[in-house]
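Novice: Taken in sequence, the protein lines are chains A and B.
Just so we're aligned, residue 334 is where the first sequence starts under our numbering, counting upward by one.
Just so we're aligned, residue 121 is where the second sequence starts under our numbering, counting upward by one.
These are computed hints drawn from the structure, not numbers from a lab.
Certain hints may be false.
Claimed, not checked - Okay, derived cross-link-like pairs now, DMTMM-like style, lysine to aspartate or glutamate, Cα gap no bigger than 20 Å in a straight line:
hint : chain 1 : residue 1 : chain 2 : residue 2
1    : A       : 655       : A       : 494
2    : A       : 370       : B       : 347
3    : A       : 385       : B       : 292
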Amino acid sequence: MMQTFTGLFDSWKEFHGNMPILAVYAGLLLAYLICPKLFSAGTDRPHLPLIKTGSFFFLLCVFPLTAVLLRMYFTPYHPYENLWSLLPLLPVIAMLGSLLLMHFTEEKTSSLTNRILLYCLTAALLLFCALPLQKKENHSYLIRDHETLSALAEDVLQICEENGIAPETARIYSNREVLSYLPLSGTGLTTLYTRALWDQGLQRYSYDKSDPDLLPLLNYMDVADYNDCAFLYYEGPTGFFPAGATLTSFTDRDGKLHKDTAGNALYIFSEAKKTGAEIFILPTPESDDALNQVTPDILFLAESLDLQWTITQGYWVLYPAKS
Amino acid sequence: MLLKLLLLCGFLLLCPFLLGQGFCEICAAIQKKKFSLPERFVSGVLLLLILCGFSHILSVFTGRNLEFCTRLFGISLIITCSLSYLAFMILTVLARLRQAADADAVPKTSGNKVYALYLITAGIILLQILLIVSGIFLDLTGDQTAETVSSFLYSGEFYSLDPLTGLPYETDLPMRLKILGLPTFYAILCSVFQLPLTLVVFRVMPVYFLLTGYLAFGVLGRSLFPDSSRGRSTFLFLISLLVFASSAASGTDGFALLHTGFREIALRSWILLPLLLTCLKEKKYFLLLLPTLAEAMLCYSLAGTGICVLYILYALGATYFSARRARKEAKP
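Input sequences plus hints: build the corresponding full structure.
Specialist: Following this line, the structure appears as structure tokens:
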């Protein structure tokens, strides 16, 4: 219980200072408290209940004790920042901002130029808040090219059908972008690892069965993707090594470090196959020269793993031959 | 494809219009309050989601599949729309027979011409629509709504496949997730209109919710600035800017709307909350049912327990204490 409480308090401490828009919210409420005359553009003050509500919930979220209690009320399945959705952030800022603007731009006292200038300044100030103070970490992988990936998924499905592979059981090993898209394709293709491996937010779906042991495989494919498949260049008698040597070691399931096989594509793919991968999808290099250089290596890889290969939608697809 | 898209847009406009008209007319007859057209439309959108939520829950509890749920939703929608519009017609005729005197009760505006500000706001909204449609802001962090919809469409059943791996679940899902109806609503739209999931979930619905949200904020603006058109236009102008301003950090309204407009969190802060605040301020207590129920159907147990309920409890407490204070002050 105490640990939960401490954890929640720590997350509260970490999160504060990350949202300039909250500063605007608090600043406007404070300004109303200090100088309500600035916000007296309305005659019968129909905005007062909203200000009271906004202040009440703001205080609830700001004070650690009430914030922790609220977090408990909210259930622990989602992050602390979701608590801020409790605040009427937009309504309160927009309303107080409108009252303030109306006060300073009264037609009797303010010229048209002044009014336009003030509106522009307000807009600039608010848009300034859109600049994040801290770079957001763990940003989700974005799927950009839906059309290509959709066509790829259809092609892989066709390959499965032609070769007697059941799509419900053929587990695919590929890079993040492909694996992020496949569950959206509606083809029923299954994947070796899931988005939950790199997206911690998905852990609130406690039922998800992501195997953390697959993380080295995921990292390896990322390196391949990042280096434009350069890892597949043949560089020695023992196998394939990454050209940039980004991956310098590989730890197996037992925690044993394999320096000799570091970055060995054949080794990694064999491991993936042992884990259950049946179809491998690799992005092809963008330049024709690189493609020509890497193709013999892919042929060697396919032969060694007893797989057939084809190129579709800018990807190599390695799949088991029809039995 | 374009025809199907137009049909979907027609459905998303017509059904809420029919549902909202009748429901708000009944509320108006009971509470003697007036409801504007945007208010009726927003209520209709919530009713549509609530109907889908009921169909989903009924299907899940009776162990039925997506096809049954779609039929149930379709039938209930036809019946509700017909009854709602019938109620609207009858109540409108009755009201007109009774009196036509309320024509003078239209809120007077200050007479200021604020078209320029509305025009700028419309430009900003258009920019937001373009940003959502382009997909450059799309963020799937911590959410698997679209994958869940895909698994529904593929298997035809609810929560039988793990949305991320595509493999069957080894253990049964907790009920807190099974009861949520938003993925079912998307799945029904995709299957009925035969449109790609990525188009419906990542493009059409965020834009639809964005526009509905602006209507909800328009209603709130009318409630906050009943006599000032300049106040209303400035309010909407600032709201449109605040969407960008609050998009820097996750958990805020702008971020939810621009990056994850299809999620329940965006729906709650962008549509449910402004409508709830309007209802509380205008004392339209009967209409409070809609955001509360919609939240229970869509967000409860996944995106935070009962924000609407918290607001209602706060309003009840505030009313109680102010009444008590008034009583004390009234005593000699």
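Novice: Does each hint hold? Answer for all of them.
Specialist: Evaluation of the provided hints:
1. A:655 with A:494: Holds, at roughly 10 Å.
2. A:370 with B:347: holds, 19 Å
3. A:385 with B:292: This hinted pair is violated, its Cα atoms lying about 44 Å apart.
Figure legend: structure checked against the earlier numbered hints; the only hint not met is number 3.
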